[in-house]
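Q: Next come the chains, spelled out residue by residue.
2 protein chains.
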Amino acid sequence: MVEKIDHIKDEINNYLNKEENVKEDWIEDNHPIDIAEALSELEASKINSFTKLLETEDLADIFEESEKDLQIDILKCKNSEEIIEIFSHMAADDITDILGLLPIQKRKELLRHMKQDDALVVKNLLGYDRESAGGIMTTEYLLLNKNLKTIEALQKLKKIAPDTEIIDTIFVSDDNKKLVGSVDLRDILSSDDEKKLEDLMDDNIIKVSADVDQEIVAQQVAKYDLTVIPVINKSGILIGIITVDDIIDVIEAENTEDLYKMHGVDEEESSDATLFQSVKSRLPWMFINLATAFLATFTVAIFEDVISQVVALAAAMPIVAGMGGNAGTQTLSIVIRGIALGEIDFKDNWKLLLKEAMVGIINGAATGLVTGLILYLMYGNYYLGIIIFMAMILNLLIAGMFGFLIPLSLQSLGIDPALASAIFLTTVTDVFGFFVFLGLARTFLIYLV
Amino acid sequence: MVEKIDHIKDEINNYLNKEENVKEDWIEDNHPIDIAEALSELEASKINSFTKLLETEDLADIFEESEKDLQIDILKCKNSEEIIEIFSHMAADDITDILGLLPIQKRKELLRHMKQDDALVVKNLLGYDRESAGGIMTTEYLLLNKNLKTIEALQKLKKIAPDTEIIDTIFVSDDNKKLVGSVDLRDILSSDDEKKLEDLMDDNIIKVSADVDQEIVAQQVAKYDLTVIPVINKSGILIGIITVDDIIDVIEAENTEDLYKMHGVDEEESSDATLFQSVKSRLPWMFINLATAFLATFTVAIFEDVISQVVALAAAMPIVAGMGGNAGTQTLSIVIRGIALGEIDFKDNWKLLLKEAMVGIINGAATGLVTGLILYLMYGNYYLGIIIFMAMILNLLIAGMFGFLIPLSLQSLGIDPALASAIFLTTVTDVFGFFVFLGLARTFLIYLV
Chain A
1 MVEKIDHIKD
11 EINNYLNKEE
21 NVKEDWIEDN
31 HPIDIAEALS
41 ELEASKINSF
51 TKLLETEDLA
61 DIFEESEKDL
71 QIDILKCKNS
81 EEIIEIFSHM
91 AADDITDILG
101 LLPIQKRKEL
111 LRHMKQDDAL
121 VVKNLLGYDR
131 ESAGGIMTTE
141 YLLLNKNLKT
151 IEALQKLKKI
161 APDTEIIDTI
171 FVSDDNKKLV
181 GSVDLRDILS
191 SDDEKKLEDL
201 MDDNIIKVSA
211 DVDQEIVAQQ
221 VAKYDLTVIP
231 VINKSGILIG
241 IITVDDIIDV
251 IEAENTEDLY
261 KMHGVDEEES
271 SDATLFQSVK
281 SRLPWMFINL
291 ATAFLATFTV
301 AIFEDVISQV
311 VALAAAMPIV
321 AGMGGNAGTQ
331 TLSIVIRGIA
341 LGEIDFKDNW
351 KLLLKEAMVG
361 IINGAATGLV
371 TGLILYLMYG
381 NYYLGIIIFM
391 AMILNLLIAG
401 MFGFLIPLSL
411 QSLGIDPALA
421 SAIFLTTVTD
431 VFGFFVFLGL
441 ARTFLIYLV
Chain B
1 MVEKIDHIKD
11 EINNYLNKEE
21 NVKEDWIEDN
31 HPIDIAEALS
41 ELEASKINSF
51 TKLLETEDLA
61 DIFEESEKDL
71 QIDILKCKNS
81 EEIIEIFSHM
91 AADDITDILG
101 LLPIQKRKEL
111 LRHMKQDDAL
121 VVKNLLGYDR
131 ESAGGIMTTE
141 YLLLNKNLKT
151 IEALQKLKKI
161 APDTEIIDTI
171 FVSDDNKKLV
181 GSVDLRDILS
191 SDDEKKLEDL
201 MDDNIIKVSA
211 DVDQEIVAQQ
221 VAKYDLTVIP
231 VINKSGILIG
241 IITVDDIIDV
251 IEAENTEDLY
261 KMHGVDEEES
271 SDATLFQSVK
281 SRLPWMFINL
291 ATAFLATFTV
301 AIFEDVISQV
311 VALAAAMPIV
321 AGMGGNAGTQ
331 TLSIVIRGIA
341 LGEIDFKDNW
351 KLLLKEAMVG
361 IINGAATGLV
371 TGLILYLMYG
381 NYYLGIIIFM
391 AMILNLLIAG
401 MFGFLIPLSL
411 QSLGIDPALA
421 SAIFLTTVTD
431 VFGFFVFLGL
441 ARTFLIYLV
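One line per chain: the protein sequences are A and B, in this order.
Numbering follows UniProt numbering, with no gaps: position 60 of the first sequence is 60.
Numbering follows UniProt numbering, with no gaps: position 123 of the second sequence is 123.
Worth flagging that the hints you see were computed from the coordinates, not collected in a lab.
Take these hints with a grain of salt, some might be off.
Since the list gives no way to pick out one identical chain from another, each pair is judged satisfied if it fits inside one copy or across any two copies.
[Said to hold, decoys possible] Calculated lysine-lysine pairs in the DSSO-like style (CA-CA distance at most 27 angstroms, straight line):
#, residue 1, residue 2
1, Lys-178, Lys-156
2, Lys-4, Lys-351
3, Lys-4, Lys-115
4, Lys-178, Lys-4
5, Lys-195, Lys-223
6, Lys-207, Lys-4
7, Lys-159, Lys-149
8, Lys-196, Lys-280
9, Lys-223, Lys-234
10, Lys-159, Lys-195
11, Lys-158, Lys-195
12, Lys-351, Lys-9
13, Lys-108, Lys-280
14, Lys-207, Lys-178
15, Lys-23, Lys-223
16, Lys-223, Lys-68
17, Lys-351, Lys-115
18, Lys-115, Lys-23
19, Lys-4, Lys-46
From just these sequences and the hints, can you work out the full model?
A: Laid out in structure tokens, this is it:
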């Protein structure tokens, strides 16, 4: 992989040295995304020079596949006319994404320069939330009337196919333009010429409204093994489609987001972020963590008199808090994935809560027993062992219950359950863990000193 | 969603009460996966009775879309002949997956009962690792010779289309059966009748070997926006294809796996696991955690004399350890996702390591300053503030470096970086955090008491 990109980079440098226009052969032999990847490793001035050696259509292909940063680098050195020229080879939804990156002034200027029809489509798309079905759909679908005969449909398709990037699912509408079904190209191909699309189509199709969240769209596509899902407006009219390659991007993005959010990293931070971006992305979360860490510190501070009499408590207390945090995060992972995959059934909530509580008690008892034994051997006081045994059971019980309740509560409040779940949880397990262990120690202090 | 499934469940119960064969209309109106979902919520005896009301072909459709547990429930109440009958409506790769679930004895018996050709294909597929390209590929591809004219190709396709579930990418081979390109059905449709496939095909196609890990396959499909990827053997001959819906399953599975592994949950545990399964899945990890927690305890125990003189240290020390753990997990999330998405470039390793170290120092200084101030205000001793400030910088520096190095080291050892990364990391940040903070306290003890 890396070698392939390096090779393309060398060839780009060759073209640049010779100031020679890029050969069509070379474009065919290399995937636009690989060229984009190679380009992104070059300096801005070289990128600029190389774009001038490309046909606009090829540049548009590469541009579409580029990461945001490279797209901005390329746009910076082009005037509005050149940009409009690139746009003319691109799909409306990709143009919309790029306009979304630009300052409002530049965006308006470009929209003014575009053909009126195209501008209208793009303006319309800009109106949807970026993470909704409308925000990720493309308007390049194929819609035929249900009364067409297959031979007529085939003729239409033959005419359109070379020009548009149609996909192999054709949508079918009634006379009121309402979406009523879909038919596969291969079915049209193999049926009687005189058969109507209406008789051939599948009328039980999965569709989504434009305002549905992209995560829900992805769940539907994954569940029903779709390669394309139609997007309809309130009147049931087809306004766009979402293809499976865009769904994969959504799934990857949402998964990264979940993992990042759970651990307090900004969703925009990628592994090649700059130092400044990384600090900016992570420092706010560290301060939130610090605030909750102080809650734990204040809890311990209440028991300083107990610790000063039995210093062993200071050594043992991180075990109670830490094990609670670990157990709770296990529950958290299961519940967050369950929500993301649409598996958690809210009706059975109390059963699952009870199960997590039981897991907490059992795992707490098992690990607490071992912990108690080791502490007894270390300090020769079996009351210390009993106290930590009890504290572990209680803290893991709490951990299991909160690991389950926190993400579900956030979810029902409309907050992303991945966000902040972990921090709420460890705050609970730290504070409660220290409190219950040191509290038990104070209660039985006479047996410990 | 839930209502839809409940509705289907009611209708299944209706059919069961009336002991009436299921209507073809009903099958067409309901997606097999929804029927499977509704079935999985019924008792085994009802499932068994309902399967008898279905045409074998419809049962096969539902069976293919079922979760493992439901598949096993269905198979349990069928004899070998009935199972073979179901299999006859299924793709070889799906049959292979199911045979993989069965005890070896039952598997052999079923293979003996199958048609010899089919059995051979399945036996062959069983030979591949379940998580390799060969393990997830299907053998239902469409391969045509490059010398065919498009009109001949179309005739062939028309004949095959109604019988097989072909997809719209047709692969092209040379006279030695070697895969040389691919062509879209729509391109065949819109080209001259006399044109050869050779002149129409894209010869720069992305393909994988059968032994490639499924995660790599998913990366390729996602990167190049493919809807199907061909699988070849060592001689370059097409032996199967992987369609994008299976890739989505791979991506979902690998993501769940990463999140679970990071937090010590067995990859097989879903949100509806039983209590026993959950305990069994999570307890081993809790004991590993316990072992590392004791490393932290032993570290603190070395400094018990210091703590007994300055009890404030016991209250403050969880901050140093905890903040290190949080910072390290942020780095970990970024690196693990970077590896999973194929973004981490090993050449630039030292640059990224340096960046993470710098982020650690900066975030450590920022949060350490605030922590030091608050502790000074709490205990009126500014040496305590300075000590924790220094300890935080050092521990977050270590956290950033290990958060980066641990997953990359595991990766280069051939171990999944998501597995155990978090536990190694928090062990380091706990032990080092306590050690550096309490060590500094001992050094400057005279200023603290």
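Q: Against each hint, give a clear statement of whether it holds in the structure.
A: Quick rundown of the hints versus the structure:
1. Lys-178 - Lys-156: Only inside one copy: Lys-178 and Lys-156 sit 20 angstroms apart there, 35 angstroms across copies, limit 27 angstroms.
2. Lys-4 - Lys-351: between (53 angstroms within a copy, 22 angstroms between copies)
3. Lys-4 - Lys-115: The answer is neither: 39 angstroms in one copy and 45 angstroms across copies each exceed 27 angstroms.
4. Lys-178 - Lys-4: between (47 angstroms within a copy, 23 angstroms between copies)
5. Lys-195 - Lys-223: Neither way: Lys-195 and Lys-223 sit 31 angstroms apart in one copy and 40 angstroms across, limit 27 angstroms.
6. Lys-207 - Lys-4: Intra 40 angstroms, inter 14 angstroms, cutoff 27 angstroms: inter-copy only.
7. Lys-159 - Lys-149: This pair counts as both: shortest intra-copy Cα distance 16 angstroms, inter-copy 20 angstroms.
8. Lys-196 - Lys-280: Result: close neither inside a copy nor across copies, 60 angstroms intra and 58 angstroms inter.
9. Lys-223 - Lys-234: within (24 angstroms within a copy, 34 angstroms between copies)
10. Lys-159 - Lys-195: both (20 angstroms within a copy, 17 angstroms between copies)
11. Lys-158 - Lys-195: both (18 angstroms within a copy, 15 angstroms between copies)
12. Lys-351 - Lys-9: between (58 angstroms within a copy, 21 angstroms between copies)
13. Lys-108 - Lys-280: Intra 30 angstroms, inter 60 angstroms, cutoff 27 angstroms: neither.
14. Lys-207 - Lys-178: within (12 angstroms within a copy, 40 angstroms between copies)
15. Lys-23 - Lys-223: between (43 angstroms within a copy, 24 angstroms between copies)
16. Lys-223 - Lys-68: between (30 angstroms within a copy, 15 angstroms between copies)
17. Lys-351 - Lys-115: Classified as neither; 59 angstroms inside a copy, 46 angstroms across copies.
18. Lys-115 - Lys-23: neither (30 angstroms within a copy, 53 angstroms between copies)
19. Lys-4 - Lys-46: Within. Shortest intra-copy distance 19 angstroms satisfies the 27 angstroms Cα cut-off; inter-copy 56 angstroms does not.
The structure fails hints 3, 5, 8, 13, 17 and 18 (numbered hints given earlier, in ascending order).
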